[in-house]
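Heads up: the sequence shown is residues 1 to 510, going by the UniProt record's numbering.
Hints are supplied without guarantee of correctness; some may be wrong.
Claimed, not checked - Pairwise CB distance ranges, derived in the manner of DEER restraints:
id, residue 1, residue 2, range
1, G230, V266, 22 to 32 Å
2, D380, R244, 15 to 25 Å
3, K403, A90, 20 to 30 Å
4, R379, Q314, 43 to 53 Å
5, G442, D342, 25 to 35 Å
6, A90, T373, 18 to 28 Å
7, S48, V266, 51 to 61 Å
8, E263, A116, 16 to 26 Å
9, Q314, G124, 42 to 52 Å
10, P349, M408, 21 to 31 Å
11, R347, P16, 39 to 49 Å
Stated by the list, open to error - No more than 27 Å apart at the CA atoms, straight line, and that leaves these computed lysine-lysine pairs for DSS-like:
id, residue 1, residue 2
12, K502, K400
13, K403, K495
14, K403, K502
15, K495, K400
Hints are computed from structural coordinates only; laboratory data are not their basis. All residues carry an ideal CB built from backbone N, CA and C; glycine is no exception.
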Amino acid sequence: MDAHYAAGLMRAADGPWARREALVHGDRRWTYGQLARTVRGIAAVLRSSPGARSGVAVLADNRPEVVAVQLATHLLGHRLALLAPGATNAERAELLRHSHPGALVFAPGHAASARALAAAAGIGELLSLGPAPSCRDLAAEAAARPAEPGPPAVPADRVRTVLCTGGTTGLPKAVVHTHGLYDALAGLVGGHGLAVPGERRLVCTPMSHISGHFALPTLLSGGTLVLHDGFDPGAVLATVAAERINALVLTSPLLYQLLDHPELSVTDHSSLRCLGYGAAPTPLRRQQQALDRLGPVLQHIYGLTEAGVVTVLQPGEHHADRPQSLAGAGRPVPGMSIEVRDEDGRRLPAGRAGEVWVRGPSVMAGYLGHPDTTAEVIRDGWLRTGDIGSLDASGTLFLKARKSEVIMHASGLRIYPRVVEEALLSHPSVRAAAVFGVPDGGDGERVHATVAPHPDAPVDPVALRAHVLAELGQELMVPESVDVVPRLPVNRNGKVDRQALKNGAASDGR
1 MDAHYAAGLM
11 RAADGPWARR
21 EALVHGDRRW
31 TYGQLARTVR
41 GIAAVLRSSP
51 GARSGVAVLA
61 DNRPEVVAVQ
71 LATHLLGHRL
81 ALLAPGATNA
91 ERAELLRHSH
101 PGALVFAPGH
111 AASARALAAA
121 AGIGELLSLG
131 PAPSCRDLAA
141 EAAARPAEPG
151 PPAVPADRVR
161 TVLCTGGTTG
171 LPKAVVHTHG
181 LYDALAGLVG
191 GHGLAVPGER
201 RLVCTPMSHI
211 SGHFALPTLL
221 SGGTLVLHDG
231 FDPGAVLATV
241 AAERINALVL
251 TSPLLYQLLD
261 HPELSVTDHS
271 SLRCLGYGAA
281 PTPLRRQQQA
291 LDRLGPVLQH
301 IYGLTEAGVV
311 TVLQPGEHHA
321 DRPQSLAGAG
331 RPVPGMSIEV
341 RDEDGRRLPA
351 GRAGEVWVRG
361 PSVMAGYLGH
371 PDTTAEVIRD
381 GWLRTGDIGS
391 LDASGTLFLK
401 ARKSEVIMHA
411 SGLRIYPRVV
421 EEALLSHPSV
431 RAAAVFGVPD
441 GGDGERVHAT
451 VAPHPDAPVD
461 PVALRAHVLA
471 ELGQELMVPE
481 SVDVVPRLPV
491 NRNGKVDRQA
501 LKNGAASDGR
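Whole structure, please, built from the sequences with the hints as guidance.
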């Protein structure tokens, strides 16, 4: 492909891939040729837009036009800011405050939010991806443009994409990525990457999120993206069977919903080659359950908004009869380096736990509007991930916890929540568990657990604490308090919302 990823894709879309199916959304099916024509039309409209030159923000659910807007914006060299459909307006406004776009492209279903955001941020140009009152219809204008050559691609080093972090501890930060992210994604094709040429991939995580970007290798290698507007386990299973889906990526909590769905046992998922999972610790029991119900298709992906894909544990490296193989997060993808360092930034040997530092072309340029935070997390090209982990002698990464989630017991013991969660999940009545620290009234924290039981399986907190003690043999690691809830809350990125659980425990005086 060309140095500019979008230019290379357009060349293939106009040539050998023109009649291939590129994008599917509901009953709409776009070939690569149609995608290329739409990109050229959108680029022509944006090129004539004074506001777009300052940057383009996009607020839309997954749809083919979002892909076309991204490609067109990058070909023109305008900065692209992707707003999360599931975020609050306050979170979206924070990204707009730092990215300063001059145009906001939105799906008609988000018209009210788009108008409010544009008014607050002083954005002068609103462009809708379909009919919307008092707005230009970008999709219609692009379709009406006469066929003409697309814009010559700007130098790749002008590509800028702004993504939101999860915002789990406050307002999200605006992460700036360069073309290095797309270079790295283009390289993740083949046996050591995320995609194989010609595959059919279902995308049900937002394309505004870094996990949505993980679908790009499929498009960059001539495959087909089948787009869902959100996650519904029944709809996912139906699409896997009907569209002969080969690959998809889910956060671990969404994977559990798929595994627990009653239609799974009668769904033809024989086409599935690869089911990526991650974004949260995945219990051993759930991994073994997935292998039993879905076959050898699991692919663990460790990635961050700030760094793209860091490591991958491929399907052939998941062995149900070797639990240790399921505990790893995989080895670095091509171009990515990993070190584990102590609190003073010194590299630690294999087997020692510390903070995971990563370096590679997909590491962000920084946080918009937060130069001090950028300087704190990026040191000489190395990104401090905030994750605690260790490397074994083969270079496989083992993740233990977020640095901010390690429970600091008054005794000086550092307790990793995942260890306690695994013990809780080994109890037959427990379906899901989250462990975190709450203030102990002194200088430390004590262990608190929130668990969700299986249906019709009552949980006795006293018996559960005894079970954890028997499993771990360490009194200090036993939860001093246990809440039982029907289900654990998840945030807009599909991760367990630990902050909401901690806030609830604090308000209850735990």
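ask   = Which hints, by number, does the structure contradict?
value = Checked against the structure, the hints that fail are numbers 2, 4 and 8, while the rest are satisfied.
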